[in-house]
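Novice: From just these sequences and the hints, can you work out the full model?
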Amino acid sequence: MNEKIETINIQEVKIANEILGLQKASYKLEAELINYYELPPLKETVEDLINSKELFLAYKLDNAIYGILSFEILNDTIDICKLFVSPNYINKGIGSKLLKKLEAEYNNIKIFIVQTGLKNTSGMNFYKKHNFNLIQVIKMSDGLEIAKLQKILIC
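This note's numbering runs 151 ahead of the 1-based position in the sequence shown.
Derived from the structure by calculation, the hints contain no laboratory data. Careful: at least some of the hints might be erroneous.
Listed below are the simulated SDA-like cross-link pairs for lysine to any residue, each with C-alpha atoms no more than 25 Å apart in a straight line [what the hints assert, rightly or not]:
1. Lys-233 / Gln-162
2. Lys-243 / Lys-280
3. Lys-175 / Leu-193
4. Lys-194 / Asn-271
5. Lys-290 / Ser-273
6. Lys-270 / Tyr-178
7. Lys-233 / Glu-256
8. Lys-233 / Lys-261
9. Lys-270 / Asn-242
10. Lys-252 / Asn-271
11. Lys-194 / Thr-158
12. Lys-194 / Lys-261
13. Lys-204 / Asn-186
14. Lys-165 / Lys-261
15. Lys-194 / Asp-230
16. Lys-290 / Lys-252
17. Lys-270 / Asn-186
18. Lys-194 / Thr-272
Quick caveat, the model's predicted, so the values are computed rather than measured.
Specialist: Take a look at the structure:
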């Protein structure tokens with residue numbers, strides 16, 4: 152099995168379609184977990200992905216994509232926009248590998264932030280395992296609570 156993590160070009164329609172299918176399958180699980188079906192990644196279109204300013208890392212196994220980490224660089228901070236794995240490959244270390252690759256490739260940036268549903272216990276546990284700390288809870292008007300987490304890398 153040939154495993155690799157690489158930057159992908161989301162502007163390619165074929166890749167954007169593949170990512171969107173994986174994204175919707177993955178975020179559907181989170182929606183069910185937190186009982187909230189209005190998650191923005193579930194509403195995105197191929198055009199939204201193609202026009203996104205996010206950068207994308209893909210975990211590939213034999214050239215098939217099984218995990219994605221998208222992010223933006225904001226001054227001295229990396230904002231992790233999405234991190235998702237194929238539902239059939241959850242808990243196999245793919246998310247951890249993507250996160251470690253991001254930190255290694257951008258080791259000049261010391262602050263990483265991410266948001267997830269506060270009730271998404273698996274997501275919260277994942278980020279806590281990777282030394283992210285809860286810094287804010289954002290209460291949305293529709294009742295959803297978003298956890299904002301941060302990790303500061305030590306030089």
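Novice: For each hint, tell me whether it holds in the structure or not.
Specialist: So, going through the hints one by one against the coordinates:
1. Lys-233 / Gln-162: holds, 17 Å
2. Lys-243 / Lys-280: Between Lys-243 and Lys-280 the Cα gap is close to 15 Å, so the pair holds against 25 Å.
3. Lys-175 / Leu-193: Given that 25 Å is the threshold and the Cα spacing comes to 5 Å, the pair holds.
4. Lys-194 / Asn-271: holds, 19 Å
5. Lys-290 / Ser-273: holds, 20 Å
6. Lys-270 / Tyr-178: Satisfied, since the Cα-Cα distance of roughly 14 Å is no more than 25 Å.
7. Lys-233 / Glu-256: holds, 17 Å
8. Lys-233 / Lys-261: holds, 19 Å
9. Lys-270 / Asn-242: holds, 18 Å
10. Lys-252 / Asn-271: Between Lys-252 and Asn-271 the Cα gap is close to 23 Å, so the pair holds against 25 Å.
11. Lys-194 / Thr-158: At roughly 24 Å apart (the allowed maximum being 25 Å), Thr-158 and Lys-194 satisfy the hint.
12. Lys-194 / Lys-261: Distance of about 31 Å is beyond 25 Å: violated.
13. Lys-204 / Asn-186: Cα-Cα ~29 Å, so violated.
14. Lys-165 / Lys-261: Outside the cut-off at roughly 34 Å; violated.
15. Lys-194 / Asp-230: Distance ~20 Å between Lys-194 and Asp-230 Cα, so the pair holds.
16. Lys-290 / Lys-252: violated, 31 Å
17. Lys-270 / Asn-186: holds, 9 Å
18. Lys-194 / Thr-272: holds, 22 Å
Hint check: violations occur at hints 12, 13, 14, 16; the rest are consistent with the structure.
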